[in-house]
Amino acid sequence: MSVSRRVFVKSGGLALVSLGLDPLFLARAAFASYHPLPPLAASDRPILVCLFQRGAVDGLNMVVPHGESLYYRERPRIAVPASEVVDLDGHFGLHPRLAALKPLWDNKSLGVIHAVGSPDSTRSHFDAQDYMESGTPGAKSTTDGWLNRYCQHDREHDDTPFRAVAFGPQLPRILAGSAPSLAIDDLQAFGLRAPQEAARDRLTRAFEELYAGSATGLLSSSSQEAFEAVQLLQQANPAQYRPDHDADYPRGRLGRSLQQIAQLIKANLGLQLAFADVTGWDTHVNQGASEGQLAARLAELGQGLAAFAQDLGERLRDVVVLTMSEFGRTIRENGNIGTDHGHATAMLVMGGPVNGGRVLGRWPGLDPASRFEGRDLAVTTDFRDLFGEVLARHLGATDLSAVFPGFTPDPTRFPGAIRG
Amino acid sequence: MLAALVLAFQSVCPTVRLSAQLSPHDSALHALDRLAYGPRPGEVDAVAAGGVMNWIDRQLSPDQLDDRLAAERAATFRILRYDSGDLARLYAAASEERRERQQQGARQPAMDSLAPPAQQGGKEEQMGRRLAGEVEQLVVVRAALSRRQLYEVMVDFWVNHFNVFFGKGADRVLVPSYIEETLRPRALGKFADLLIAAARSPALLFYLDNWQSVAPGSMPPALTRPRLQARPWFSRGRYVPGFSQEPARADSQRRRALERMPKGINENYARELLELHTLGVDGGYTQQDVIEVARILTGWSIKRPQQGGGFEFHDWAHDYGEKTVLGVRFPAGHGMDEGVRLLKLLASLPATMHHVSRKLCQRLVNDEPPDGCVDDAVAAWKRSSGDIREVVRAIVRGPDFWAPQNIGAKVKTPLEFVVSAVRAVGGDPDTTPRLAQVVARLGQPLYRHVAPDGYPEREEAWVNSGALLDRMNVAVALAAGRLPGVTVALDSVAPATGDAEQLIAAVNDGILGGTMSDNTRRVIRDELADARDPVAARALAVGLVLGGPEFQRQ
Numbered sequence: 002m003s004v005s006r007r008v009f010v011k012s013g014g015l016a017l018v019s020l021g022l023d024p025l026f027l028a029r030a031a032f033a034s035y036h037p038l039p040p041l042a043a044s045d046r047p048i049l050v051c052l053f054q055r056g057a058v059d060g061l062n063m064v065v066p067h068g069e070s071l072y073y074r075e076r077p078r079i080a081v082p083a084s085e086v087v088d089l090d091g092h093f094g095l096h097p098r099l100a101a102l103k104p105l106w107d108n109k110s111l112g113v114i115h116a117v118g119s120p121d122s123t124r125s126h127f128d129a130q131d132y133m134e135s136g137t138p139g140a141k142s143t144t145d146g147w148l149n150r151y152c153q154h155d156r157e158h159d160d161t162p163f164r165a166v167a168f169g170p171q172l173p174r175i176l177a178g179s180a181p182s183l184a185i186d187d188l189q190a191f192g193l194r195a196p197q198e199a200a201r202d203r204l205t206r207a208f209e210e211l212y213a214g215s216a217t218g219l220l221s222s223s224s225q226e227a228f229e230a231v232q233l234l235q236q237a238n239p240a241q242y243r244p245d246h247d248a249d250y251p252r253g254r255l256g257r258s259l260q261q262i263a264q265l266i267k268a269n270l271g272l273q274l275a276f277a278d279v280t281g282w283d284t285h286v287n288q289g290a291s292e293g294q295l296a297a298r299l300a301e302l303g304q305g306l307a308a309f310a311q312d313l314g315e316r317l318r319d320v321v322v323l324t325m326s327e328f329g330r331t332i333r334e335n336g337n338i339g340t341d342h343g344h345a346t347a348m349l350v351m352g353g354p355v356n357g358g359r360v361l362g363r364w365p366g367l368d369p370a371s372r373f374e375g376r377d378l379a380v381t382t383d384f385r386d387l388f389g390e391v392l393a394r395h396l397g398a399t400d401l402s403a404v405f406p407g408f409t410p411d412p413t414r415f416p417g418a419i420r421g
Numbered sequence: 216m217l218a219a220l221v222l223a224f225q226s227v228c229p230t231v232r233l234s235a236q237l238s239p240h241d242s243a244l245h246a247l248d249r250l251a252y253g254p255r256p257g258e259v260d261a262v263a264a265g266g267v268m269n270w271i272d273r274q275l276s277p278d279q280l281d282d283r284l285a286a287e288r289a290a291t292f293r294i295l296r297y298d299s300g301d302l303a304r305l306y307a308a309a310s311e312e313r314r315e316r317q318q319q320g321a322r323q324p325a326m327d328s329l330a331p332p333a334q335q336g337g338k339e340e341q342m343g344r345r346l347a348g349e350v351e352q353l354v355v356v357r358a359a360l361s362r363r364q365l366y367e368v369m370v371d372f373w374v375n376h377f378n379v380f381f382g383k384g385a386d387r388v389l390v391p392s393y394i395e396e397t398l399r400p401r402a403l404g405k406f407a408d409l410l411i412a413a414a415r416s417p418a419l420l421f422y423l424d425n426w427q428s429v430a431p432g433s434m435p436p437a438l439t440r441p442r443l444q445a446r447p448w449f450s451r452g453r454y455v456p457g458f459s460q461e462p463a464r465a466d467s468q469r470r471r472a473l474e475r476m477p478k479g480i481n482e483n484y485a486r487e488l489l490e491l492h493t494l495g496v497d498g499g500y501t502q503q504d505v506i507e508v509a510r511i512l513t514g515w516s517i518k519r520p521q522q523g524g525g526f527e528f529h530d531w532a533h534d535y536g537e538k539t540v541l542g543v544r545f546p547a548g549h550g551m552d553e554g555v556r557l558l559k560l561l562a563s564l565p566a567t568m569h570h571v572s573r574k575l576c577q578r579l580v581n582d583e584p585p586d587g588c589v590d591d592a593v594a595a596w597k598r599s600s601g602d603i604r605e606v607v608r609a610i611v612r613g614p615d616f617w618a619p620q621n622i623g624a625k626v627k628t629p630l631e632f633v634v635s636a637v638r639a640v641g642g643d644p645d646t647t648p649r650l651a652q653v654v655a656r657l658g659q660p661l662y663r664h665v666a667p668d669g670y671p672e673r674e675e676a677w678v679n680s681g682a683l684l685d686r687m688n689v690a691v692a693l694a695a696g697r698l699p700g701v702t703v704a705l706d707s708v709a710p711a712t713g714d715a716e717q718l719i720a721a722v723n724d725g726i727l728g729g730t731m732s733d734n735t736r737r738v739i740r741d742e743l744a745d746a747r748d749p750v751a752a753r754a755l756a757v758g759l760v761l762g763g764p765e766f767q768r769q
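From first to last, the protein sequence lines stand for chains A and B.
The number in the numbering used here is simply the position in the first sequence, starting from 1, with 1 added.
The number in the numbering used here is simply the position in the second sequence, starting from 1, with 215 added.
For the record, the hints were derived by calculation from the structure and aren't laboratory data.
These numbers were taken from a predicted model, which means no experiment stands behind them.
Glycine included, C-beta positions come from ideal geometry on N, C-alpha and C.
Heads up, a few of these hints could be off.
Claimed, not checked - With a Cα cut of at most 27 Å, we get these calculated DSS-like pairs of lysine-lysine:
no.	chain 1	residue 1	chain 2	residue 2
1	B	K518	B	K478
2	B	K478	A	K141
3	B	K574	B	K405
4	B	K518	B	K574
5	A	K141	B	K574
6	B	K338	B	K574
7	B	K597	B	K559
8	B	K518	A	K141
9	B	K597	B	K574
10	B	K597	A	K141
11	B	K574	B	K559
12	B	K559	B	K338
Unchecked claim - Quick list of the computed label-pair ranges, beta carbon to beta carbon:
no.	chain 1	residue 1	chain 2	residue 2	range
13	A	A403	B	E287	31 to 41 Å
14	A	R156	B	R544	24 to 34 Å
15	B	Q503	A	D249	20 to 30 Å
16	B	R293	A	D202	19 to 29 Å
17	A	A403	B	Q279	52 to 62 Å
18	B	K518	A	S122	49 to 59 Å
19	A	D247	B	E716	40 to 50 Å
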């Protein structure tokens, strides 16, 4: 990475200002002209990893209110028996297949926020996911996602193309917007593909020269980002990665995503925000109790998070993992031994800065009188209060009202997920 | 008579004007870049020879263009032989299969997760997936092969303007007929007709929730009768053929159905109708206007979306009170007719003309549409009472379309990039969804933009580092004949030759229309320097050009 090229980018940006190009382009061009190279040395930059449980996870079987007899009365066939839950505090317990997370709970790096969700009443996956990613429940016209808005408003960290990375083939709505972010399906395949390494490097160089000399405007700055990212990643050598401390990631998409996130963190490329999807939570039919469909998904989640924590070791002190899901599921089991779309759910926070070892948020209870619309677990924590707290107290975000427009953040409503 | 004279004058005038600035060759290239999905080999010269304005006029009357090849290819897509009802039955059978599989899966977990996804599940599930893939691939095939290029461009514009997310519940059943029967036949017709057809389309009514927007306190007749014939509201649950015979049970079922009943108006469609489809976000409406529009459209619903039902007006759900929208009074006592009146009113308002014209200029001329272009379009809209064909004609004949600062000023969307690359190498896409998947991987999954605003028409949305690298990979693979789902004919672009200069000249002429920069020429020359195999050399040169910066622009 030569100095002269950085100068070229910067002066290129300045020249374009004088040409009177439009402000949106300039926003991106400004993003693209980096500060000095991110060092390939350990950094203590705080990192947030978001996992979206798409399909609406059954919060009541993930973090079981085993102290409530109503839970057992409403779910005769799918309740997790009190004798089998991993007890947390005498009232709540983890699903037995999340047992891998118990040590993290015990050392206070895992917390639960229960009865969290959206103030919007929709039970449509589509709408609710949309709202949770745009960060503006009820407003459909929001074009960008709240993670991207955070990047737009906190410019301190925009010195690397790896600042915000989504693991998957497409950029999710939560990261859509004017701040640059990467969608990476597979770290090892990021960059140009050719049968042999020499051919790949040559092709990369050829395209780099094509763009450096012939591209204009946004194509120029973005290609610059791209080749810089490729080069940085090559130094980190993702193909050689071995997890530390014998961490054993579960097979499947989630395990692969988490391992790649750990890889990027340890490569010190300046990652600040990572995002991955975890699917398979829409358990309308045969959801199972201690065993079964949901149990299998939870086992993968638990093993994945535990392996991630183990792999990161000391580095977990700067990392917070936050799970989210568009809504919860009905308190009462349905006719198909499953659950239908409900309202509030539970979210997990894990990592060094977490105020762990406790179930946070006000528990509304399962009593019919306190249910939402008479049937579902009521929301007592607006998801924006949880997300806002993590942004403010972990990442140091200063202007939450810009990240969540139309919402007045109030630290007194923060659930207390991050140690003060 | 006067109008005819004006038109006759206009049809000559721009040709004269543009010839002062652009050669026939360059204007043909520009027209093919913007009003088509890029030139096929030899097409720039053909259009230039016949006169670019003549080509545009023919493109504006697509019905008169012989399009047998594309039609024959489209006919091999099975999705076109399924109506919404067929699709609904197929998906119901598929989800029944899946349910059975899950029940078995509880005993014998994850058996078929080892199979490739396309082969997972039973016969109906596989068919459902295949047809869903065909819906997307059909877009790519028509864009690549149709001779009615401007028509396909306009279809894409309206699909985006009236965006529906394919992945929302019943919409995967309803979208195919929405495309084929609602939007395509009206893509160059009157805007008001398009607006009304979209408003009546089950796909849009479902997507924007209007189908369950009801006057507060209203109740379907079925729920007031002792027995219900069918479960009225779409949900994921199994189709329940009626209430129980047993009175106590029937009562509880009826109570549950009542709890699920929509209780009042849903403003979702009303708001997007004003904000996105007609007036625009600054179009001068208020929240109260949104509410009044929603009231007018109560009862615009769907027979049974889960079964792929058609449009149905529910008079029991309609609000028959008086409403006022944008100061216009809609007297009490009217039913569906006042909705049609409202849509016609919206289609004729200056804010709508301006908003939609601006989007058209943004699509066809520049991300930042020139005022003059918008003015020309609005004037044509007024003159022709919203005839889209005439609005497009005005934009294309206006000076802005041909202005030097607008040539090559737009970055291609992923769809435009993939299709123009396929066309540039004389490619022939197959009916598998693989090319559509490439478009998706580059960031534009077709019919899967979740928000109602549709894909943006601005370069910031498409140009990012990951997507750019992917474009380069796609280009190299396509040129090498390794991109799955398409066969290429590089011989139609350039001969496989060991003469680097000849090769570069042919690729420049055939793919970039002669716009290759000196830097690009130099880089390719360097790369060809030690290429021994002429076939590989040609693939490399074509790949670098398709993946390079010039080809990303139009």
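Original post:
Can you give the numbers of the hints that this structure goes against, from lowest to highest?
Top reply: 4, 6, 10, 12, 13, 14, 15, 16, 18, 19
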